[in-house]
Amino acid sequence: MAKVVLPELGEGIEKATVSYWLIEEGQQVKEGDEIVEMATEKAVFNVPSTASGILKRKLANDGDEVRVGDELAEIE
Amino acid sequence: MKLEVLDLGTIAYKEAFYKQAELRACVREQAATHTLIFCEHPHVYTVSRNSRVLDSVFDYKAIDGRGAELICGVNRGGEITYHGPGQLMAYFILDLRDFGRDLSYFIACLEEVLVCTLRSFGIDAQTKKGFRGAWARNRKIASLGIGVEKWVTMHGFGLNVSTDMSFFDLIKPCGLDIEMTSMQKELGSSISAAEVKQEIKRHVAGIFTHQESLFYSKEASWQK
Numbered sequence: 000m001a002k003v004v005l006p007e008l009g010e011g012i013e014k015a016t017v018s019y020w021l022i023e024e025g026q027q028v029k030e031g032d033e034i035v036e037m038a039t040e041k042a043v044f045n046v047p048s049t050a051s052g053i054l055k056r057k058l059a060n061d062g063d064e065v066r067v068g069d070e071l072a073e074i075e
Numbered sequence: 000m001k002l003e004v005l006d007l008g009t010i011a012y013k014e015a016f017y018k019q020a021e022l023r024a025c026v027r028e029q030a031a032t033h034t035l036i037f038c039e040h041p042h043v044y045t046v047s048r049n050s051r052v053l054d055s056v057f058d059y060k061a062i063d064g065r066g067a068e069l070i071c072g073v074n075r076g077g078e079i080t081y082h083g084p085g086q087l088m089a090y091f092i093l094d095l096r097d098f099g100r101d102l103s104y105f106i107a108c109l110e111e112v113l114v115c116t117l118r119s120f121g122i123d124a125q126t127k128k129g130f131r132g133a134w135a136r137n138r139k140i141a142s143l144g145i146g147v148e149k150w151v152t153m154h155g156f157g158l159n160v161s162t163d164m165s166f167f168d169l170i171k172p173c174g175l176d177i178e179m180t181s182m183q184k185e186l187g188s189s190i191s192a193a194e195v196k197q198e199i200k201r202h203v204a205g206i207f208t209h210q211e212s213l214f215y216s217k218e219a220s221w222q223k
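Line by line, the protein sequences are chains A and B.
Residues in the first sequence are numbered from 0 upward in steps of one, following numbering that gives the first Met the number 0.
Residues in the second sequence are numbered from 0 upward in steps of one, following numbering that gives the first Met the number 0.
Derived from the structure by calculation, the hints contain no laboratory data.
A quick note: this is a predicted structure, and the numbers were derived from the prediction, not measured.
Heads up, some of the hints might be wrong.
Claimed, not checked - In the EDC-like style, the derived pairs of lysine to aspartate or glutamate whose C-alpha atoms are separated by at most 20 Å in a straight line are:
no.	chain 1	residue 1	chain 2	residue 2
1	B	149	A	70
2	B	171	A	40
3	B	13	A	13
4	B	149	A	13
5	A	29	B	28
6	B	127	A	40
7	B	128	A	40
8	A	14	B	28
9	B	196	B	123
10	B	149	A	33
11	B	149	A	32
12	B	149	A	40
13	A	14	B	101
14	B	149	A	7
15	A	29	B	148
16	B	128	A	13
Kindly generate the complete structure, drawing on both the sequences and the hints.
What follows is the structure in structure tokens.
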């Protein structure tokens with residue numbers, strides 16, 4: 000089981016908000032596929048999957064605030 | 000490292016958006032170099048897709064009445080803003096893998112470009128703690144918002160050079176109760192957009208790479 004976490008975004012950015020999921024639970028993803036759009040105050044960006052497999056579980060919902068390093072999804 | 004400059008003149012927001020998206024895909028595949036796009040838009044209000052701005056904050060009929068377009072769901076940070084004639088847009092299609100992979104630093108660099116540009120025209124500009132963009136005392140003179148995919152950016156900032164400020168009266172810019180201003184308003188005289196572009200280019204070169212030879216310009220042949 001691989002975990003996708005909110006990556007380091009640069010000095011001073013500690014958290015971001017989930018805009019929406021690009022991939023649903025149960026869908027196949029490849030490593031590097033973008034799975035979720037996140038937003039900070041002035042930027043939006045997509046987080047890629049860190050592994051190939053099935054998106055088993057989303058660990059944050061649309062609108063949730065997530066801190067850098069927090070888990071976003073499980074890939075199996 | 001080179002940064003190409005495209006000057007698209009006046010162009011519809013959506014058309015410029017598609018151009019940015021197309022270029023971003025090329026930059027990501029290293030089929031195009033980093034690009035700075037200058038342009039202006041016809042009157043348009045844009046709302047980011049993460050906006051918390053409620054419908055009640057703006058008046059659709061009033062927007063229609065001013066002959067402006069309303070575009071929602073834009074893939075940039077920020078809230079609602081206005082773009083129009085006299086507002087110089089600078090869109091940055093940059094691969095941040097070449098600039099330290101640091102979103103925060105990139106945004107700070109954009110603000111620094113704005114502040115340095117404004118100061119070179121004698122405007123006492125600064126950033127404001129807790130708020131983004133560039134400010135002339137307590138008035139906001141430029142707004143920014145970016146979208147990033149696989150470390151490649153799009154969008155950038157809008158600098159009010161000689162904007163008709165009454166268009167901001169219909170909204171809460173960036174979702175804030177603030178006063179907006181322009182270079183013309185601050186200086187009490189008109190400013191050449193061409194001069195502003197030159198200053199922006201100069202400061203982008205200095206701030207992003209410390210190399211004056213960063214730029215080469217190319218005619219926007221795709222427009223023809």
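Cross-check of the supplied hints:
1. B:149 <-> A:70: Between residue 149 of chain B and residue 70 of chain A the Cα gap is close to 19 Å, so the pair holds against 20 Å.
2. B:171 <-> A:40: Holds. Residue 171 of chain B to residue 40 of chain A sits at ~16 Å (cutoff 20 Å).
3. B:13 <-> A:13: violated (32 Å)
4. B:149 <-> A:13: holds (19 Å)
5. A:29 <-> B:28: Judged against 20 Å, a Cα distance of about 18 Å means the pair holds.
6. B:127 <-> A:40: The hint holds at about 14 Å.
7. B:128 <-> A:40: holds (13 Å)
8. A:14 <-> B:28: Not satisfied, since the Cα-Cα distance of roughly 29 Å exceeds 20 Å.
9. B:196 <-> B:123: With a Cα-Cα distance of about 18 Å, the restraint between residue 196 of chain B and residue 123 of chain B holds, given a limit of 20 Å.
10. B:149 <-> A:33: Satisfied, since the Cα-Cα distance of roughly 8 Å is no more than 20 Å.
11. B:149 <-> A:32: Satisfied, since the Cα-Cα distance of roughly 10 Å is no more than 20 Å.
12. B:149 <-> A:40: holds (19 Å)
13. A:14 <-> B:101: OK: residue 14 of chain A and residue 101 of chain B at ~14 Å, within 20 Å.
14. B:149 <-> A:7: The given pair, whose Cα atoms are some 13 Å apart, holds under the 20 Å limit.
15. A:29 <-> B:148: holds (16 Å)
16. B:128 <-> A:13: holds (16 Å)
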